[in-house]
Every structure is written in structure tokens, then in C-alpha cells.
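Undergrad: Each chain, written out:
Protein chains: 2
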Amino acid sequence: MFNFNKDNFLKVTNGALGLRGQIEDIVETLNERGYKNLFLIGSGGSIAIMYPFEYIIKTTSTLPVFAEIAAEFVLYNHKQFGPDSLVILSSLSGTTKETVKAAEFCKEKGATTIGLVGELGTPLADLSDYTLVNYSENDTASESIYLQLYLLIFKLLQVRGEFSEYTEFADELERMPSVLLDVKEATESQASQFAKLNKDEDYHMLVGSGSVWGETYSYAMCVLEEMQWIRTKAIHAAEFFHGTLELVEKDTSMILMKGEDESRPLMERVERFALKVTDKLSIFDTKQYELKGISEKYRKYLSPIIIASLFERVSTHLEKERNHPLSTRRYYRVVEY
Amino acid sequence: MFNFNKDNFLKVTNGALGLRGQIEDIVETLNERGYKNLFLIGSGGSIAIMYPFEYIIKTTSTLPVFAEIAAEFVLYNHKQFGPDSLVILSSLSGTTKETVKAAEFCKEKGATTIGLVGELGTPLADLSDYTLVNYSENDTASESIYLQLYLLIFKLLQVRGEFSEYTEFADELERMPSVLLDVKEATESQASQFAKLNKDEDYHMLVGSGSVWGETYSYAMCVLEEMQWIRTKAIHAAEFFHGTLELVEKDTSMILMKGEDESRPLMERVERFALKVTDKLSIFDTKQYELKGISEKYRKYLSPIIIASLFERVSTHLEKERNHPLSTRRYYRVVEY
Numbered sequence: 001m002f003n004f005n006k007d008n009f010l011k012v013t014n015g016a017l018g019l020r021g022q023i024e025d026i027v028e029t030l031n032e033r034g035y036k037n038l039f040l041i042g043s044g045g046s047i048a049i050m051y052p053f054e055y056i057i058k059t060t061s062t063l064p065v066f067a068e069i070a071a072e073f074v075l076y077n078h079k080q081f082g083p084d085s086l087v088i089l090s091s092l093s094g095t096t097k098e099t100v101k102a103a104e105f106c107k108e109k110g111a112t113t114i115g116l117v118g119e120l121g122t123p124l125a126d127l128s129d130y131t132l133v134n135y136s137e138n139d140t141a142s143e144s145i146y147l148q149l150y151l152l153i154f155k156l157l158q159v160r161g162e163f164s165e166y167t168e169f170a171d172e173l174e175r176m177p178s179v180l181l182d183v184k185e186a187t188e189s190q191a192s193q194f195a196k197l198n199k200d201e202d203y204h205m206l207v208g209s210g211s212v213w214g215e216t217y218s219y220a221m222c223v224l225e226e227m228q229w230i231r232t233k234a235i236h237a238a239e240f241f242h243g244t245l246e247l248v249e250k251d252t253s254m255i256l257m258k259g260e261d262e263s264r265p266l267m268e269r270v271e272r273f274a275l276k277v278t279d280k281l282s283i284f285d286t287k288q289y290e291l292k293g294i295s296e297k298y299r300k301y302l303s304p305i306i307i308a309s310l311f312e313r314v315s316t317h318l319e320k321e322r323n324h325p326l327s328t329r330r331y332y333r334v335v336e337y
Numbered sequence: 001m002f003n004f005n006k007d008n009f010l011k012v013t014n015g016a017l018g019l020r021g022q023i024e025d026i027v028e029t030l031n032e033r034g035y036k037n038l039f040l041i042g043s044g045g046s047i048a049i050m051y052p053f054e055y056i057i058k059t060t061s062t063l064p065v066f067a068e069i070a071a072e073f074v075l076y077n078h079k080q081f082g083p084d085s086l087v088i089l090s091s092l093s094g095t096t097k098e099t100v101k102a103a104e105f106c107k108e109k110g111a112t113t114i115g116l117v118g119e120l121g122t123p124l125a126d127l128s129d130y131t132l133v134n135y136s137e138n139d140t141a142s143e144s145i146y147l148q149l150y151l152l153i154f155k156l157l158q159v160r161g162e163f164s165e166y167t168e169f170a171d172e173l174e175r176m177p178s179v180l181l182d183v184k185e186a187t188e189s190q191a192s193q194f195a196k197l198n199k200d201e202d203y204h205m206l207v208g209s210g211s212v213w214g215e216t217y218s219y220a221m222c223v224l225e226e227m228q229w230i231r232t233k234a235i236h237a238a239e240f241f242h243g244t245l246e247l248v249e250k251d252t253s254m255i256l257m258k259g260e261d262e263s264r265p266l267m268e269r270v271e272r273f274a275l276k277v278t279d280k281l282s283i284f285d286t287k288q289y290e291l292k293g294i295s296e297k298y299r300k301y302l303s304p305i306i307i308a309s310l311f312e313r314v315s316t317h318l319e320k321e322r323n324h325p326l327s328t329r330r331y332y333r334v335v336e337y
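If you read the sequences in order, they're chains A and B.
Mind the numbering: the first sequence is residues 1 to 337 in the working numbering, read in order.
Mind the numbering: the second sequence is residues 1 to 337 in the working numbering, read in order.
Treat each hint with caution, since some may be false.
Identical chains blur together in the list; that is why a pair holds if it fits in one copy or across any two.
Claimed, not checked - Using 30 Å as the maximum straight-line C-alpha spacing, the simulated DSS-like pairs for lysine-lysine come out as follows:
#1 Lys-199 - Lys-250
#2 Lys-320 - Lys-250
#3 Lys-109 - Lys-79
#4 Lys-297 - Lys-109
#5 Lys-320 - Lys-196
#6 Lys-297 - Lys-11
#7 Lys-36 - Lys-97
#8 Lys-109 - Lys-292
#9 Lys-199 - Lys-280
#10 Lys-11 - Lys-97
#11 Lys-79 - Lys-297
#12 Lys-196 - Lys-109
#13 Lys-107 - Lys-196
#14 Lys-184 - Lys-292
#15 Lys-280 - Lys-97
#16 Lys-292 - Lys-101
#17 Lys-6 - Lys-276
#18 Lys-292 - Lys-276
#19 Lys-287 - Lys-97
#20 Lys-300 - Lys-107
#21 Lys-300 - Lys-79
#22 Lys-280 - Lys-184
#23 Lys-109 - Lys-36
#24 Lys-300 - Lys-6
#25 Lys-276 - Lys-101
#26 Lys-276 - Lys-196
FYI, nobody ran anything at the bench for these hints, they're computed from the structure.
Here chain A stands alone, though its shape is the one from the complex:
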């Protein structure tokens, strides 16, 4: 695969899975102490990665869950939030300003925090009551965080009596490093072709739904906009027909991210429309991958990590074809604002 370090990928993903014992211990401890509700807090990509878990919890658990944007959360008095709240935050660098501020805010209010970071000794790591550490860089950060969150969230559900299959599910997760490598391999040529075809495209409309919506939102904002300076519209499939559809013309690029949960029919409806209207339709569908060793019943939960992992291939090829490094910024951490 182009510009891909397999050893590093396996090290990071296995590193995340290696936290399983620690995660299970944390959850057991928290369960004994009790908590009232769960807050998932982050900014940009790190709140977007929480959305699938908010979705999964809403649809499988009675645990009240709230995904909140860090910078807004600290400004208001969220009435469900308090000392009995459990909070999960993540920041690869451990230094994201808004997330660190949110962790301080949670500490002041007496809530219990779990911080997912890439390094110890960083502000988020120091502030969190429980810290999960797994080093990764930008190209493997999604998989690292996803795997930790799958273990953490589904273990939380298990001890609540809402996901008895946890042990089997967690065992199957051990196969994800190799499953994801297969997914990336299988996507390589589609990704390369997409990048070649779209290298001069100045606008993409991205559509997603259900547990995949977070990836749709963040791929548009954190990759295409931030790292490639391409204009985007990310729109939820359930909302597409309430306005955004009117923009679609024969030459409008549409990118569909299809997952396998209950919301799939919404994506199929958008697809039927798009097939009639535009010649520039790109579909990335988790269903086209085998996911060796993963039970059918767990596939729907894994759609977002599959999408995230295969789109890393798309990004890498876009970077090459557009001759625009993913790391170049005009403003972020370049100018003061």
C-alpha cells in the first residue's frame, strides 16, 4: 500500500487492544462506585469519534448519554451534569486547549473522568482520574481511539446487564488489526482511483447516517477542509432531502459512506437519488468487505471504524495526487486567534 507503515499500524492497534485488562478493571471499579450518566466530550475529530458511541448507547442502553462539544460545554450549566457523571475525553496530544479546559471543568464539578491520550505527562493525562495511554500518530489515531472506546463502552454496557456478549465481542476485536489491514488493502485501488478522478474537485458533498455520521462529519471537516483545503458539505442522510438535494447537478461530487446499522435504508434512498442525478458518485460501503472472523451481529457496531480506516487510504492518495501534504496548515497552530 502506498505510503503505509504496516508495522506501525499493527503496533498502534495492538497497543490499543492491549489496554483491555486495564479498561475492564476501570469499568468494574466505576460500576461498584456507581454513576448516573455518561458525558462524551471533545472537539473536532475527537467529538466526532464519540458520536457513534452516543448512537450505539442510545439504541442499546438506558444509560443517559450526552455528546458535548468541549468549548461550548464549559460555558453553560448542563443540568444533567454533576458529581455523579462519568466523562470520557480524548486528545491525542493531550494538549487540545478546549478538551483540557473541559477536563478542568469536570474536575471542579467533581465528576469522574477517563482520559484517552497518546502520551503520559500531558495536561489531559494529568487531569484525568483514569488515563488510557496508547501512542499513535495522526494516520492511526482513529483506530487507536476506536478500539479503546469499543472495549470501554461495551464493557460499560455489559456490567449494566445490557450487552452479555461482551467477552465474545472483545475477543473478536483482537482480530481487528488484521481485519482493518485487509480492508485497507481492498480499498487501495478504489482510493487511488478516487483521488485521481477528484484531484481538481473543489467541492464534495458527503452523506452518512447512524453510527457512521460522526465519520462523515469529521472526514469533511478534519480531512478535506483542514488538510486539503477543499470545500465540503456533510449532510445526514435523514436530512438530505430537506434542502441539500437541490444543489446536486450532473457534475456534483457526492461521497456516500454506507454502514450496516438500522439507518442503512436512509443511505439507500440517497443512493437511488444520486444515481439518477450525478455522474460523480463515490460509494464507500462497509458491506463490501469480508471482516474475517467478525460475527455478522457485530458488523453494525464496527461500521464507523471500518469507514475511518478505509478513508485513511483515500486521504493518503489525495495527498499524493493533489500534491498537498495532509500536515500543511494556514492557521491552526500557525497564527494566533
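Assemble chain B onto chain A, guided by the hints.
TA: Below, chain B without anything else, positioned relative to chain A:
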């Protein structure tokens, strides 16, 4: 004011306020019967108009509240939803497919529904346990629904003991028809100038926050995209610095919708950045209006209706300057999909 029917506006807004007695009776009845949580359900503009109330409830009440997109909601099993849930839905025509389906779904599950419609004898009106009817057309629909929701939601909070000022607030709402007329008058020249300057603009970035975010989202999608076929990006001020900022250049049109709640500092930060970078910055700020007869302490709640009402002026001038009727559709209710 250009292309504006004052009599009709007063008729619609006073019609909405005229439902106060009925709304208060409904809330008293519901309170006696009891309910566990509140679901706000809609699609496009009619879910966006619920977001401010989700925000307001989250920050002032312990009532669990969930804003849900209709088409997605009916596909999954939301574990907080059940016979003890109270549901508010709105559809001007009373026929919006997804909303009607959601109302049917709620009925099957035994939840209590309140439907806000423009006409009796429509599917949503027939399906709802309680129906609020106020005729309006597209250009006054926002104000009509907002006023009803202010009465309904704040009355709900009052009877829960969380908003003792309800009577004063509701009395002040009676002044909103004239307040909003003043706001529109005061915006007329800015709206006209904006439309002239931007008539050939093919992309706008819209930024909002807090209780105004719903308007930001829906103005981008339901007016600029749907009614004017202009590309947009709507981005929350708390998320702007996590990707979208990289797109801004000297000639990028940015539209800032500033309200007066706790999240205002987030908008001020975006504004400072935008002032440095782009020459095409348009700021619409509720703070610039007097709102005669409205107490300072209620202004933050009213930011979204102020923004909605003044942007009707922007739309009307865009329609003229761009010679593109707001009612023209390529696809919606034109082709089958």
C-alpha cells in the same frame, strides 16, 4: 419593507400568541398525568427550530430532552423512548412524510404527542393527541412555530418549578409581533446591501452557536441551498477552529449569526479571526436591536426567533437580487425519489 405583508405577519404572529390559553391548559393536563422525558422530532427546518429548545432545556431544566431527526428516529429503538414520553412534532403542511411517519410510530408506542400544524384535517393534526393550529405560509412559519414553542416549553418548565417567571415572560411575548416588525425594519438596509454584494457569491460559510445554532444550520440548508441553490457550510462556533477555518481566504464569504446566550464568547472568537482574514464578513447580531418591552434577562432565549425573523429579510432581498424565486425547486416534490 420590500415584498412584505405587514397585516399578514401580524395576523400569523398574533394567531400563534392567541393559542396561549390552549397551550397552558394542555401543559396543566400533561403535568397532572406526568411524563418522563421530552422528544422533539422533525426534519430539516422543523427539527432545526427544535434545537434552540433542546439547548434551553438542557441548560435550565433537569427534564431529559432529545431532539431527533424523524426519518432516523423511526428506524431505531431509542431506549429512552416509551409510553411515558412526551413528543412535540411540527409540520406546516401537516403532511411532511417523515414527520407523519414519526407521529404514527409514537402513537403505536403509546407516547403522548403534541402536533403543531398550519391546518386541521391534515395527517399530523389527525394523529396528534393534542393539536395546535395556526395558519401561516413559508415566510411567517418560523415566527409562528417559535412563538408557540416559547409558550409551550416555558410553561412546561414553569409547572416543573424551573421557570417561575413564566407569566411575565409570556406577557412580554405578546410584544413580539411589534418587536419583530422593528427588527425587520432595522435590518432592511443591511439585508438589501448584503443581497446586492453577494448576489453572485457561490459559497457561504455560516457560523452560529448555542440557541442560534439551529437557525445557522437551517438557513444554510433550507434557504441558501434549497431555495437559492448556493453552496454552504454551516459550522458551530465551537467547532470552527477544528478544521473549517483552514478554508477561509480573503474573498471567502462568512456569515456570523450572533445571539446573546452563554455561547456568545465562542462567536466573538470566530469574529476576531474572520476580521483578520476575510474581506467578506457579514455579521448579524441580535444585540444591535432594542427589543422594546423585552426584559434584558429574556433576550438570550429570544435570540433564535430574532435571527430567524431578520433573515427572512435577507432571503427576500436575495430572491430579488439573484432573480431566483425562493419557491423554485429542482427535485423536492418535483421528481420521485
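Undergrad: Against each hint, give a clear statement of whether it holds in the structure.
TA: Results of checking the hints against the structure:
1. Lys-199 - Lys-250: both (18 Å within a copy, 23 Å between copies)
2. Lys-320 - Lys-250: Classified as both; 27 Å inside a copy, 27 Å across copies.
3. Lys-109 - Lys-79: both (12 Å within a copy, 28 Å between copies)
4. Lys-297 - Lys-109: between (39 Å within a copy, 26 Å between copies)
5. Lys-320 - Lys-196: This pair counts as within: shortest intra-copy Cα distance 9 Å, inter-copy 40 Å.
6. Lys-297 - Lys-11: within (27 Å within a copy, 55 Å between copies)
7. Lys-36 - Lys-97: Result: close within a single copy only, 27 Å intra versus 37 Å inter.
8. Lys-109 - Lys-292: So Lys-109 and Lys-292 fail the 30 Å test inside a copy (45 Å) and across (38 Å) alike.
9. Lys-199 - Lys-280: Result: close both inside a copy and across copies, 13 Å intra and 27 Å inter.
10. Lys-11 - Lys-97: within (28 Å within a copy, 49 Å between copies)
11. Lys-79 - Lys-297: This pair counts as between: shortest inter-copy Cα distance 19 Å, intra-copy 36 Å.
12. Lys-196 - Lys-109: Cα proximity of Lys-196 and Lys-109: none, with 51 Å in one copy and 50 Å across.
13. Lys-107 - Lys-196: Cα proximity of Lys-107 and Lys-196: none, with 48 Å in one copy and 51 Å across.
14. Lys-184 - Lys-292: Result: close within a single copy only, 13 Å intra versus 61 Å inter.
15. Lys-280 - Lys-97: The answer is between: 28 Å across copies meets 30 Å, while 39 Å in one copy does not.
16. Lys-292 - Lys-101: neither (41 Å within a copy, 38 Å between copies)
17. Lys-6 - Lys-276: neither (40 Å within a copy, 42 Å between copies)
18. Lys-292 - Lys-276: Neither: 34 Å inside a chain and 52 Å across chains, both beyond 30 Å.
19. Lys-287 - Lys-97: between (38 Å within a copy, 28 Å between copies)
20. Lys-300 - Lys-107: between (35 Å within a copy, 28 Å between copies)
21. Lys-300 - Lys-79: Between copies only: 17 Å across chains, 32 Å inside a chain, cut-off 30 Å.
22. Lys-280 - Lys-184: within (22 Å within a copy, 41 Å between copies)
23. Lys-109 - Lys-36: Close inside one copy (14 Å) and across copies (26 Å); limit 30 Å.
24. Lys-300 - Lys-6: within (26 Å within a copy, 53 Å between copies)
25. Lys-276 - Lys-101: between (48 Å within a copy, 26 Å between copies)
26. Lys-276 - Lys-196: Within one copy, since 23 Å is at most 30 Å while 35 Å is not.
Of the hints listed earlier, those the structure fails to meet are numbers 8, 12, 13, 16, 17 and 18, in rising order.
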